[in-house]
Amino acid sequence: MTNIASIPYFIPEIVLVVFAVVIILYDLGSKKTGGNGAAYLGLIGLVIAVITALVIGSEDRSLFLGMVRLDSFAMFFKIIISVATAATILFSVRSSELDPETKGEYYALLLAVTLGMYLMASSTHLLMIYLSLETVSLTSYILAGFLTHSPRSSEAAFKYITFGAISSGTMLFGISLLFGMTGTGDIMLISSKLGEMFSQGNVYPLAVLLSITFILAGVGYKIASVPFHMWSPDVYEGAPIPITAFLSVASKAAGFALFLRLFYSGFKSADASIDWSMMLAVVSALTMTVGNLAALPQQNVKRLLAYSSISHGGFLLMGGVLLTSEGLQAILIYLIIYLFMNLGAFFVVILIANEVGSETIDGYRGLVSRAPLIAVSMAIFLFSLTGLPPLAGFAGKWILFAAVIKEQLYWLAVIGLLNSVVALYYYVRIVKAMFLESSDDTESLSFSPGSLVLLLIFVVPTLLLGIYWNPLYELSRASLGKLMG
Amino acid sequence: MSLQSYLVISIILFSLGIFCVLTRRNAISILMGIELILNSCNLNFAAFSRYVTPPDDISGQIIALFGIVLAAAEAAVFLAIILAIYREFSTISPDETDTLKG
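So the sequence lines, in the order shown, correspond to chains L and A.
For the first sequence, my numbering assigns the number 164 to the initial residue and increments by one for each residue that follows.
For the second sequence, my numbering assigns the number 8 to the initial residue and increments by one for each residue that follows.
Some hints could be false.
[Stated by the list, open to error] Residues on chain L that point at chain A, a partial pick, calculated with CB under 7 Å: (1) L290; (2) L301; (3) Y304; (4) S317; (5) A328; (6) I329; (7) F342; (8) G343; (9) E400; (10) G401; (11) E518; (12) V519.
[Claimed, not checked] Far from chain L, by Cβ distances over 10 Å, these chain A residues were calculated: (13) S12; (14) I16; (15) I19; (16) L23; (17) R32; (18) S47; (19) P62; (20) D63; (21) E81.
The set of hints was computed from the structure by calculation and includes no laboratory data.
For every residue, glycine included, the Cβ atom is placed at its ideal position computed from N, Cα and C.
Work out the full structure, taking the sequences as your base and the hints as a guide.
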């Protein structure tokens with residue numbers, strides 16, 4: 164479809180840009196009054212973007228001369244990302260970390276990241292893939308370092324951009340090699356070209372493997388997979404907590420969208436010759452093991468959740484190495500469940516950081532007598548992250564492991580199961596501190612009704628989706644679209 | 008000159024960039040290493056556009072242009088973050104700003 168004809172199908176993205184600009188203008192006009200006007204403008208923008216996306220529908224269309232694709236797969240991720248951004252905006256309003264003076268730019272940047280993530284989920288051209296990845300990265304660096312008077316936050320931004328710039332540079336080098344070998348940037352054409360070249364034997368498999376590995380550096384960095392995970396604990400610890408929550412959910416989801424589209428639409432025909440799926444299976448096993456083992460001794464809850472999110476990335480990657488639609492469906496289902504339980508856990512961390520002023524496990528001691536509802540919710544999120552029945556996390560893991568075992572990758576399933584057991588240990592440490600240990604401070608904590616309602620929004624799906632996951636199953640099947648070819 | 012010569016130069020540039028990033032203990036030098044990496048990619052795109060794709064297909068050169076713009080954007084954000092680091096730590100050495108550990 165030509166550029167002009169594509170614009171009507173691009174309205175959700177345009178809405179995000181318009182609202183980002185409106186927020187900046189609004190911020191200029193209302194510097195003195197303060198308030199949360201910018202946050203609500205951001206929420207309105209997101210809601211309008213989602214509504215227009217739903218109205219436009221997800222009929223398969225290639226936009227802007229093959230740069231961007233509108234399909235049900237992109238639609239699925241757009242909605243996931245929008246929910247995560249909306250939650251981040253609501254968290255930011257309630258977080259006492261952020262300086263009210265600079266909040267206008269903050270929400271404008273959040274909408275800009277969302278725009279980049281929308282594009283990550285729908286790019287079908289190597290140039291667009293790189294551009295969308297960089298849009299997300301550059302804005303995330305700024306958001307991670309947004310607390311200008313906190314050394315931790317500046318250090319987080321510094322580490323984030325150093326690792327990020329190297330891995331995205333490496334990825335661009337891989338992209339340039341792939342472009343040179345196939346002579347095109349369109350990933351559908353690359354797929355057919357690679358298939359043709361491998362069947363005729365006029366390509367060095369090593370060169371293709373090299374370029375795919377380089378590209379994996381950029382994608383692996385976004386989903387924080389080993390060995391590109393080193394940035395994530397430091398960045399998650401130093402960044403403002405709402406941004407940590409955002410990075411751990413939305414950034415990971417967008418990274419998986421990009422990874423799945425690139426590897427399934429672009430490189431699937433190369434798998435027979437260079438077996439990248441086996442390479443990724445090893446990466447997946449390493450990612451969950453390293454994430455879990457490093458989480459064991461952590462005292463800072465933010466850092467602990469950072470390592471836990473690395474290991475969840477490893478679990479998600481398990482579904483991506485199977486080359487079956489069951490594996491992809493399992494990833495989509497797991498992402499929805501992970502969205503609710505991880506955002507919920509981070510919201511509790513924000514509430515506790517506001518009221519108790521601590522991010523360490525010691526701050527959670529005796530929480531059950533000080534704030535019973537919060538303690539019980541946190542326990543639900545943590546047990547769900549572990550994957551205990553009957554919570555949502557169990558359903559996600561069950562579907563994922565079923566897909567792995569169906570493909571007879573038993574060693575991967577065994578490593579995943581062992582990791583789930585290890586994970587139980589460090590999640591239970593927080594639960595133990597909350598329920599079994601007592602704190603010197605026994606004064607009960609009070610939270611605003613708005614915060615409690617927001618908390619329930621995450622608790623209810625975490626409970627319900629564990630016993631009733633049929634709608635997720637149908638939704639994920641419908642969202643796969645033509646990705647499996 | 009053949010395609011090989013360009014590729015050899017770009018691989019040398021890329022390796023120098025990675026070497027610079029891994030060994031230098033100064034944030035500005037790291038930024039210079041990153042610029043080398045990005046420039047090696049741009050050189051690749053331009054060379055492939057000249058030798059591999061058909062003469063009327065200039066997509067490689069356009070990707071190289073976008074690469075230059077992105078390198079500039081990345082340098083701007085990187086320098087701003089270096090400034091923030093300098094304000095907090097009074098140094099821009101990655102070794103001395105390494106306080107988040109564990």
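Cross-check of the supplied hints:
1. L290: 5 Å, holds
2. L301: Nearest chain A Cβ about 5 Å off; hint holds.
3. Y304: 6 Å, holds
4. S317: This hint holds: S317(L) lies near chain A, its Cβ roughly 4 Å from the closest one there, short of 7 Å.
5. A328: This interface hint holds because 5 Å falls under the 7 Å limit.
6. I329: 6 Å, holds
7. F342: 6 Å, holds
8. G343: Where the cut-off is 7 Å and the nearest Cβ of chain A is about 4 Å from G343(L), the hint holds.
9. E400: At 5 Å from the nearest chain A Cβ, E400(L) passes the 7 Å test, so the hint holds.
10. G401: Where the cut-off is 7 Å and the nearest Cβ of chain A is about 6 Å from G401(L), the hint holds.
11. E518: 24 Å, violated
12. V519: Nearest chain A Cβ about 20 Å off; hint violated.
13. S12: 14 Å, holds
14. I16: 13 Å, holds
15. I19: 13 Å, holds
16. L23: 12 Å, holds
17. R32: With a cut-off of 10 Å, R32(A) remains clear of chain L, as the shortest Cβ separation is near 12 Å.
18. S47: 7 Å, violated
19. P62: P62(A) clear of chain L: closest Cβ-Cβ about 12 Å, beyond 10 Å.
20. D63: 13 Å, holds
21. E81: 6 Å, violated
Consistency note: the structure conflicts with the earlier hints numbered 11, 12, 18, 21.
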